[in-house]
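Starting from the given sequences, assemble the full structure and let the hints guide the process.
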Amino acid sequence: MQKLGMGQAVNQALREEMHRDPNVFIAGEGVGVSIHLNPMFPTHGLLEEFGPGRVKDTPVSEAAIAGLAVGAAEAGLRPVVEIMFNPFFTLASDMIVNHAAKLRYLSGGKSTFPLVVRMKSGAGFGAGCQHSHNLEAWAAHCPGLKVVMPATAADAKGLLKSAIRDDNPVIFIEHMGLYFAPMPVPENDYLTPIGQAEVKRPGTDVTVVTWSGMLGVAMAAAEKLAQEGVSVEIVDLRTLVPLDKETILTSVAKTGRLVVLHEATRTGGFGGEIAAVVMEEGFNLLKAPLRRVTGPDIPVPASPPLERFYIPDDEQLITAIKEIL
Amino acid sequence: MKISAEKQKEMLWTMLLSRRFEDELTELCKIEGKIPGMMILSTGQEAVGSGACAALEPEDVIITNHRSHNHLLAKGADPNTLMAEIYCKRTGCNKGKSGTLHLAVPEVNAPCTSTVVGAGPPIAVGRAFAQQYKGEQRVTVCFFGDGAAAEGSVHEAMNLAALWRLPVIFICENNVYAGAQRYEEHAPNPSMADRASAYAMPGEAVDGNDALAVYQAVREARERALAGEGPSLIECRTYRCRGHGEADPQHYQPKEEIRAWKEKCPIPRLRDDLLAQGLITAADVQAMDDRAEALVKEAVRFAEDSPYPSPEEALEDVFA
Numbered sequence: 393m394q395k396l397g398m399g400q401a402v403n404q405a406l407r408e409e410m411h412r413d414p415n416v417f418i419a420g421e422g423v424g425v426s427i428h429l430n431p432m433f434p435t436h437g438l439l440e441e442f443g444p445g446r447v448k449d450t451p452v453s454e455a456a457i458a459g460l461a462v463g464a465a466e467a468g469l470r471p472v473v474e475i476m477f478n479p480f481f482t483l484a485s486d487m488i489v490n491h492a493a494k495l496r497y498l499s500g501g502k503s504t505f506p507l508v509v510r511m512k513s514g515a516g517f518g519a520g521c522q523h524s525h526n527l528e529a530w531a532a533h534c535p536g537l538k539v540v541m542p543a544t545a546a547d548a549k550g551l552l553k554s555a556i557r558d559d560n561p562v563i564f565i566e567h568m569g570l571y572f573a574p575m576p577v578p579e580n581d582y583l584t585p586i587g588q589a590e591v592k593r594p595g596t597d598v599t600v601v602t603w604s605g606m607l608g609v610a611m612a613a614a615e616k617l618a619q620e621g622v623s624v625e626i627v628d629l630r631t632l633v634p635l636d637k638e639t640i641l642t643s644v645a646k647t648g649r650l651v652v653l654h655e656a657t658r659t660g661g662f663g664g665e666i667a668a669v670v671m672e673e674g675f676n677l678l679k680a681p682l683r684r685v686t687g688p689d690i691p692v693p694a695s696p697p698l699e700r701f702y703i704p705d706d707e708q709l710i711t712a713i714k715e716i717l
Numbered sequence: 011m012k013i014s015a016e017k018q019k020e021m022l023w024t025m026l027l028s029r030r031f032e033d034e035l036t037e038l039c040k041i042e043g044k045i046p047g048m049m050i051l052s053t054g055q056e057a058v059g060s061g062a063c064a065a066l067e068p069e070d071v072i073i074t075n076h077r078s079h080n081h082l083l084a085k086g087a088d089p090n091t092l093m094a095e096i097y098c099k100r101t102g103c104n105k106g107k108s109g110t111l112h113l114a115v116p117e118v119n120a121p122c123t124s125t126v127v128g129a130g131p132p133i134a135v136g137r138a139f140a141q142q143y144k145g146e147q148r149v150t151v152c153f154f155g156d157g158a159a160a161e162g163s164v165h166e167a168m169n170l171a172a173l174w175r176l177p178v179i180f181i182c183e184n185n186v187y188a189g190a191q192r193y194e195e196h197a198p199n200p201s202m203a204d205r206a207s208a209y210a211m212p213g214e215a216v217d218g219n220d221a222l223a224v225y226q227a228v229r230e231a232r233e234r235a236l237a238g239e240g241p242s243l244i245e246c247r248t249y250r251c252r253g254h255g256e257a258d259p260q261h262y263q264p265k266e267e268i269r270a271w272k273e274k275c276p277i278p279r280l281r282d283d284l285l286a287q288g289l290i291t292a293a294d295v296q297a298m299d300d301r302a303e304a305l306v307k308e309a310v311r312f313a314e315d316s317p318y319p320s321p322e323e324a325l326e327d328v329f330a
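These protein sequences, in sequence, are chains A and B. Under my numbering, think of the first position of the first sequence as 393, with each following residue one higher. Under my numbering, think of the first position of the second sequence as 11, with each following residue one higher.
Simulated from the structure, these hints should not be mistaken for laboratory data. It should be emphasised that the depicted structure is a prediction, and the values quoted were computed from it without experimental measurement. Here a beta-carbon is modelled for each residue, glycine too, at the ideal position from N, C-alpha and C. There may be inaccurate statements among the hints.
DMTMM-like cross-link-like pairs, simulated, lysine to aspartate or glutamate; straight-line CA separation at most 20 Å [stated by the list, open to error]:
no.	chain 1	residue 1	chain 2	residue 2
1	A	LYS502	B	GLU117
2	A	LYS616	B	GLU117
3	A	LYS502	B	GLU323
4	B	LYS144	A	ASP413
5	B	LYS17	B	GLU323
6	A	LYS502	B	GLU230
7	B	LYS144	A	GLU579
8	A	LYS502	B	GLU233
9	A	LYS502	B	GLU161
10	A	LYS502	B	ASP327
11	B	LYS144	B	GLU233
Here are some chain A residues pointing at chain B (derived, C-beta under 8 Å) [unchecked claim]:
no.	residue
12	HIS411
13	ASP413
14	PHE417
15	ALA461
16	ALA467
17	SER485
18	TYR497
19	ASP559
Below, the structure is given as structure tokens:
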């Protein structure tokens with residue numbers, strides 16, 4: 393099987409979908425001619441292959457990029473636009489929150505908006521908080537948006553292809569930290585369904601629910617705990633909206649214990665939603681109080697030791713698991 | 011450019027219909043509990059939507075804003091389902107989800123009314139991009155107010171549209187007031203049309219109470235767009251005769267100013283012009299107005315007789 397970084401997997405998905413459907417086009421700042429001449433990046437080489445008619449470099453105008461997607465989607469195209477970094481969502485948020493998410497509802501179901509907004513996210517690059525800020529909970533809080541955050545390159549390819557074919561607005565968040573580590577990716581044309589979590593590692597003692605860049609942290613913790621005889625089951629959500637409650641609850645029924653792990657800050661984070669779902673629908677399944685392991689409630693700092701402090705690590709997860717065993 | 015008699019009569023007709031429609035809404039708003047929510051009218055500004063839409067083909071697209079009734083009626087929206095939506099009834103064009111403020115009528119290529127001030131232009135850019143991408147000989151018209159022009163999104167949209175030569179016509183309906191602020195209190199340049207030069211596109215200010223002038227300007231902009239010459243900005247100078255909404259007492263608008271603009275009402279102006287040209291008779295005008303009145307009465311009857319949606323219908327239409 394081919395081994396690709398997540399950026400390359402995204403690239404493959406874009407390439408295949410653009411070949412498959414002439415209504416798919418991509419737009420954003422530097423999606424064509426990029427200052428990063430790096431084949432690990434998601435839109436590398438697409439301008440050369442598809443030309444400037446379908447690979448649209450835009451001015452630095454996030455509202456216009458998102459508006460372009462909304463208007464073009466309503467007209468039957470399938471835009472995949474890039475907002476360079478997740479924090480710049482704020483600049484595009486009127487178009488995404490008030491328009492992409494709501495216009496179908498406001499039309500009484502007459503119009504559809506099959507668009508994808510891709511964003512890079514994640515701490516770990518010393519870029520500081522205006523480039524590193526995970527805002528998935530903001531997007532998940534807007535009815536009308538689907539929110540996808542793959543943790544593996546294979547899922548990124550299959551989920552992005554599903555997102556492009558989905559008739560709804562999809563927010564697709566890629567963790568930059570996953571761009572550079574090659575992972576196995578099937579070469580065929582396959583779709584990973586939106587809204588299905590996956591048990592990435594089976595276990596019996598405790599469930600860890602996580603997504604995106606934190607999957608690796610969960611895997612490392614599970615490996616260490618296995619040495620101590622603790623069996624950790626890891627559920628990778630892959631999609632936040634729609635939320636696959638069934639897989640979460642099935643796992644909690646099996647293990648009786650839950651830790652939610654995410655990189656985003658704690659207060660109002662999506663971990664709270666998972667906790668609430670399990671308390672409402674699976675309270676009797678729990679043998680112990682659940683725990684959240686998250687980033688602290690601070691903007692992501694730039695200095696390496698400070699940034700390392702920010703990002704949840706396997707030791708924090710192990711501590712939380714041991715507290716409830 | 012010679013404007014055909016049919017087009018001139020069409021403009022007069024949609025202006026009369028819009029006026030009857032909105033005058034009725036003014037009356038309905040005085041009845042407690044009749045119509046939910048806010049009510050924002052374009053009374054006195056009908057020459058803009060009627061003039062512009064007459065210059066378009068049915069397949070052309072309009073993106074409108076909170077003062078949408080005239081634009082939508084001029085584009086051919088059905089008064090019955092429009093009124094029912096304003097009443098928030100199930101038979102409304104959006105099944106009661108939008109109300110008066112977000113009317114969407116995709117069947118007449120009026121897919122979006124945004125009440126987020128300045129949000130229309132970026133969406134219009136997307137719609138125009140789709141027309142260009144598909145190679146359609148179509149244009150998108152975006153109506154926005156002078157107040158909206160203060161939003162950064164309007165700049166972003168114009169910049170991108172001009173850069174990509176998109177077939178979009180930006181129509182700034184300069185009605186002198188943005189909320190309670192007079193034009194000179196929110197815009198430093200007395201000419202909104204001047205902004206076009208910043209994007210190297212044609213910009214023109216026209217008398218927004220002259221439907222024929224609006225028609226002419228839009229027709230020319232449309233031809234330029236179809237020739238691949240990109241967007242245009244047309245500033246239509248008109249006046250907001252009603253308040254920001256029907257609840258607004260307009261205490262900041264001088265009474266004599268309102269009176270003076272009412273003297274310049276676009277409807278008698280076009281009517282008298284058509285009469286002088288001998289294109290219609292007084293009896294024709296009366297017949298048109300009677301028909302408008304009857305249609306509006308019928309729309310109100312339709313809306314009042316229609317049921318509200320059942321509460322659970324609120325859960326429908328979120329996702330495709």
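Hints breached by this structure: Violated: hints 2, 5, 6, 7, 8, 9, 12, 13 and 17.
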